[in-house]
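Quick mapping for you: the protein sequence lines, in order, are chains U and H. Count along the first sequence from 1, then add 922; that gives the number in the numbering used here. Count along the second sequence from 1, then add 59; that gives the number in the numbering used here.
Wrong hints could be hidden among the right ones.
[As the list claims (entries may be wrong)] Just the calculated beta-carbon pair ranges, DEER-fashion:
{"hint": "1", "chain 1": "H", "residue 1": "352", "chain 2": "U", "residue 2": "1181", "range": "18 to 24 Å"}
{"hint": "2", "chain 1": "U", "residue 1": "1012", "chain 2": "H", "residue 2": "278", "range": "54 to 60 Å"}
{"hint": "3", "chain 1": "H", "residue 1": "239", "chain 2": "U", "residue 2": "1091", "range": "24 to 30 Å"}
For the record, the hints were derived by calculation from the structure and aren't laboratory data. Virtual Cβ for every residue (Gly too), placed ideally from N, Cα, C.
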Amino acid sequence: MEIVVCVKPVPDAETKLRPAPDGRTLDLEGAKFVLAGYDESAVEQALLLKDAVPGSTVRVVSFGPPGRTEEVLRAALALGCDTATLVESPPLAHSADVRSVARALAAAVKKLPHDLVLVGKQSGDSEAGMLPTALAQALGHPGFNGAVELKFDPTQKLFTFGRASEAGLERWECPGPVVLGLQQAGNDPRTAKLQNILKSRRATLDKVSLAELPTLDVAGATAEAFQLPPPRTGAKWIEYKTPEEAATKLVRLLKEEAKVFP
Amino acid sequence: MSRSVLVVGEPRPTGLVPASREAVAAARLAAEGGAVAGVLLGGSPEAVTEFSRGGVTGLWVGSDASYAERRIDRWVPAILAAAKSTESEVIVLASTGFGRELAGALAVAWDAAAATSVTELTPTDEGLFVAMPVLGGRATSKLRLAGPRAVVAIRPNAFGAPAMSGEAAPVESLSAAPPTPTLAGRRVGFEANAASQGPDLSSASIVVAGGRGLRAPENFHLVEELAEALGAAVGASRAVTDAGWKPGTYQVGQTGRSVSPQLYIAVGISGAIQHLVGMMSSRVIVAINSDPGAPIFKIADYGVVGDLFLLLPALTAEVRKARASG
Ligand SMILES: Cc1cc2nc3c(=O)[nH]c(=O)nc-3n(C[C@H](O)[C@H](O)[C@H](O)COP(=O)(O)OP(=O)(O)OC[C@H]3O[C@@H](n4cnc5c(N)ncnc54)[C@H](O)[C@@H]3O)c2cc1C
Ligand SMILES: Nc1ncnc2c1ncn2[C@@H]1O[C@H](COP(=O)(O)O)[C@@H](O)[C@H]1O
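Just chain U, same shape as in the assembly:
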């Protein structure tokens, strides 16, 4: 089976949250970029399918500025992905345009054999949750987000998965090629072995250059401000002698001060 996984470089959890000097985005000065959250699960799911279906290949693709994007691609290689493609972004400045990301990734994915394109349900930083179906639309493939319990039936060549709705869990089956945004891989992501980390540092990355990409409307959506919430000053304490007094005081505050009592 030919699997493509798309991962986004996101700053790691240690990154100090503060606005960049222009106030428009998160300050990424000195940040370390990692495979995060759902993207890590997507890579793990791809590798599990590869383990289960002999002869499979996992190709990882990422769109972004070279430095940080290389970092996450090498991390994915160290985990066991077979090849990595860096799709070079135009100087993004403040772009947050999902169309552009989808079109750039689609241009790269089209060049790779693929039965399955796996992405995260939502990225670790912007958490938009739009790219899975945007990419499917750009590729002309069926696409679903929020997939759980993904399995492959090799005799019928069908992918089966669950898709959660408010009322319950839908069961779907779909032949490839299909794009799936993964909600849960039902696993603990593996960690890379030291020797594979060292090997991944020397690996050659495939590159898709700007010249090969369609024209992107990167200014369609732009970041204008990055703001931290005013620091919560800590709880207002409810003083009381009996539980009943605590209850009366709290209900009154919720009603009259916070105005959230139903």
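Given chain U, work out where chain H with the ligands should sit, using these hints.
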């Protein structure tokens, strides 16, 4: 400068998902006095009534049972047909799981700028300015969606729904036959959620969540009774779901659901960062915990230090009393 806006209603068995009604409020802001049409695909008669009285100037209805499968390749062409008939420049949806699937597909199919989880919206001559929580609710990002088209999915509980009007807006059928699916894939089954009482966790306006402080599964009813008295959804920390006291669908946090209700009451939950990122963007947070040093108090608005086994029954009784007396 006024513009026409289209609201996509998301049906559920009993009507519309609440955030679809709130989407009408956001759409009115975006329209600046222009028309606000609704489009409803596969909803019940109750949903048609609710939507047509919910502040739209007109409603387009596509009533084919197949819309219930929530296939992008049926919904996107139907929505775009409605957008064309209404000459809409903005499409507003509820930022539910399906709403975000639609938003991504529409961004490409309609060639529009798009944003999800939107909590604020301001129209300007330079485009729509929108705000949304990012990084697990630890920061807010403001984006400008340049024209000429924009897709905006709004976060539940961020915009109040407009009042229901006595008079229903005109309802028209989408003239074209429902689009036939163009893409592969079949829905082969459906497992309804165990008849959960009360509202859905992700979109509830009040959530009461319990943690390990409840000590044993047979004590969890204390949390459920308070939730019932408040008309709230029930959530839990991972300590509770991992121990099997409650199914995983109850879990709030980094590896569970993200919630942003008007009111979040954390009971016997310490406030580990993995829990906080799933609920920190709630408007008002109440914490009940016996340990005054519990980290949850750092982000809570109201703190009650004490034994939940004494406090919860008193609080539930007080809430019932207050609600009964209006
Ligand atoms: C990768 C990863 C992902 C995770 N994802 C999540 C997630 O999505 N959601 C999540 O919740 N956690 C998550 N966790 C777990 C998280 O780190 C905490 O372990 C968990 O949230 C603790 O749950 P708790 O607050 O219920 O339990 P505890 O931390 O044990 O807290 C129990 C609290 O109850 C109080 N208490 C005890 N008795 C009483 C009483 N009688 N009256 C009042 N208060 C009392 C105690 O003072 C204490 O503060 C994750 C962890 C990891 C490593
Ligand atoms: N720049 C990118 N490069 C590769 N994959 C991406 C990129 N942006 C988003 N994705 C993928 O799309 C998923 C959803 O992203 P988002 O819609 O931004 O929340 C992520 O989890 C990634 O798998």
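How the hints compare with the structure:
1. H:352 <-> U:1181: 18 to 24 Å: violated, 29 Å
2. U:1012 <-> H:278: 54 to 60 Å: Holds: the Cβ-Cβ distance is about 57 Å, inside 54 to 60 Å.
3. H:239 <-> U:1091: 24 to 30 Å: holds, 26 Å
The structure does not agree with numbered hint 1 stated previously, though it agrees with all others.
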